[in-house]
Amino acid sequence: MSQQASVRSRRGQSPGGAAAPPAPPGPAGPAEARRTRLYRWSRLDHRLSPYLYVAPFFVLFAAFGLYPLGYTAWVSLHDWDLMADDHPFVGLANYAALLTDADFWNSVFNTTGIFVLATVPQLLLALWLAHLLNRTLRARTAFRMGILVPNVTSTAAVAIVFGQLFNREFGMVNWALDLIGVHGPDWHSNRLGAWLAVSAMVDWRWTGYNALIFLAAMQAIPRDLYESAALDGARQARQFWSITVPMLRPTIIFCTVISTIGGLQLFTEPLLFNSGPNPIRGGPLRESQTVTMYMFENAFAPNFNFGYGSAVAWMLFLLIIVVAAANVALIRRSAHRGG
Amino acid sequence: MSAVPLRRSGRRGPGTDLWNASRLTYLTLIVACLVSLFPIYWMVVVATRSNDAMGQVPPPLLPGGQFAGNTERLLGNTDANFLTGLVNSAIVAGCVTVSVVFFSSLAGFAFAKLRFRGRNKLLLLIIATMAVPTQLGVIPLYLLMTRLGWNNHLQAVIVPALVTGFGVFLMRQYADQAVADELIEAARVDGCQTFRIYWSVVLPALRPAAAVLGLLTFMTTWNDFIWPYAVLNDPQNPTVQLSLRSLSQGYYQDMSQIFTGTAIATLPLLAVFIIFGRQIIGGIMEGAVKA
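Protein chains in written order, with my numbering: chain A, 1 to 339; chain B, 1 to 291.
Wrong hints could be hidden among the right ones.
Far from chain B by the CB rule (all over 10 angstroms, computed), these chain A residues [claimed, not checked]:
| no. | residue |
| --- | --- |
| 1 | P88 |
| 2 | F89 |
| 3 | V90 |
| 4 | A93 |
| 5 | G113 |
| 6 | P121 |
| 7 | D186 |
| 8 | L212 |
| 9 | P246 |
| 10 | T292 |
| 11 | V322 |
| 12 | V328 |
Selected chain B positions facing chain A (Cβ under 10 angstroms, derived; list incomplete) [what the hints assert, rightly or not]:
| no. | residue |
| --- | --- |
| 13 | L24 |
| 14 | G165 |
| 15 | L203 |
Think of the hints as simulated: they come from the structure by calculation, not from any bench.
Just so you know, even glycine gets a beta-carbon here, dropped at the ideal spot from N, CA and C.
Make a model of the complete structure from these sequences and hints.
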C-alpha cells in the first residue's frame, strides 16, 4: 500500500511541478498539453484498470449466475407453461404441490440414497489411498496419474460404459459375480442395484481426485509430529487417527461439502445409465431418478412446466444447504470427540 | 506451509521408517490403478471389435481389428452427427479455454498485485460464487437464451463459461507468489501502462498456472453434458457428448459403434493427460492446499 502510494506521489510531482498554471503560448504548449494528457491518462489507468480487469467475471456472473438464481425463484411462483403465452402468478402453489408429490419425494429418496452410497466409501477410500501415497514410493507420479485417470474422462462416456458393465445378461459385473457363485441382480430395474451402479460410477470417477486433495493436505502436516508420536510409542494406525485425521479436518470438510454439492446434483450418470424410451424417469419405476432429473422432466420435455421445475430447483438448493450443513456439523463433532 | 518439501529425501532420520512403503502398499495401489484403468481399457477393447464381443463368455480382453469398420459406421450414422459434435466441441472448448485463461489471469493479476478499494470483499464474493450449484440456474438460463435467440447456437454454451471463479482464484493464488512486486514497480517507473505490465511482465510469469488452468478448463468443457443437453436441442448441432447420448438412445444398440464413439471422445483427453499429467496433478494439489 505504502509503496504504491509513494510511486503515485513521485509520479504525480514531476508533471504537476512542470506544468505551471499560466502555460505560455508558443512551441512549448502542445508538448506540455501532451504531457498533461499522458499524466491524466496514466492516473486514470492506475485507478480504473483493476476494476476493468475484474469486471468480466462479475458481469458474466451477474448475467448468467446471479440473475438466473433470482429468476428461478420468480418463475417458481408462477404457472409457467413454456407453450402458453401468459404465466399467471400462483404464489407458493408449486411448492405446496411439491410437498405432496410422491414422485418428487421418490427423487429425493433416490438422490440421498445414491449420495450416501457414493460419498461415504469414496471419501474413506480416498483418505486411505492418500495415506498410502504419502509414503516414500517408487513410481509416485505413475500411481497418482493412475488413480486420477477416471477424473479426466467424460461423465457421458463413463455412464455408457458402466451401463454395459452392469448389463443384466452380458454385463461383466454379473459375469464376474457368477464366477464366485453369486447371481447378480438386474442392475437397471432393481432400485438398490441401480443405486449401487450409479454410486460405483461416481466413486470410480472421484475417489482419485479426492485422494490427491487429501494427499496435498497430508504433505503439509509437520513431520516432527509423527516423529515425536513414534518416539512416544504410537503405532501407525494410532498416528493416522490421532494426527493425520484431526490435522486434515478442514480438508475433510472441504471435500465433503464439494462432494455434497456435486453428489446431490447428480444427473448425467443416472440419465445415461438408463437407456430405453424414457430415461429421464430413471428406469421403469423411477428407481434411480434424481432430483435434478425430476427437475428436467418437469421443466423440459415431456412436461414443459417451468414454474414447477423451478420450484424443484429451489427445493434442491435447500436440500444441498441442509445436507452440507449437517455434514459439517457431524464432522466437527466427531473430530472433536476423536481428537 | 510452503516450507514443506514436496519430495521426501531418500535418507531418513530416526522414526521415519514408517514412511517406507511395504509390499502391501504397492499391491493396494496397483489394484487401485487397475480398477481405475479397466473401464477405459475395456472401452477400447469393445471399440476395436465387432458387435458379438458383447455377448461372449468369457468376455474378450484383447483389442481386435474392427476399429476402422466401427468408425465408418459411426461417422455414417446420421442420427448422431458425431463429426459435427467433434467439431462443435473443439470450437466450444477452444474458445472457452482461451477466454478463461485470459480473463482469469487478468483478474487474478488485479487481485494479487493491484491495490483498489473493495478488493478483499470482491475476492471473497468470487470464492462464494463457487459454491452456487450450477443446476439451479439451468431453467432461467434457458429462458434467457430463448429471449436472446441463442438456443441451439454454440454461443449459448460458450458465453456463460467465458470466465470462472475457480480460474480467477487459481490465478490469484499463483500470481501472488510468482510475480515479484519489484518487477511491477520497475515496469511502472519505466512508464508501462497497467495492461502492458500484465501482458509483458505478469502473463509470462503466470505461464505454468495458465497451462494448468487451460488444461483443466479444456477437459471440463469438452466433457460437459448438462448445460449443452438443456440448450442444444437440435440433434443436427450437438456437442460430442450429446452425440454420444443420441448414439446410446436407440432401440437397437450397436455397442461397438457406441464404444468407438466414447473412445474417440475420450482418447484425446487421455493423450493430453499422459503428456501433462504431472502439471495437472500439481495444479489440483496446489489449489487444494491453499483453498
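### Query
Honestly, which of those hints from before does the structure not fit?
Structure breaks hints 8, 10 and 15.
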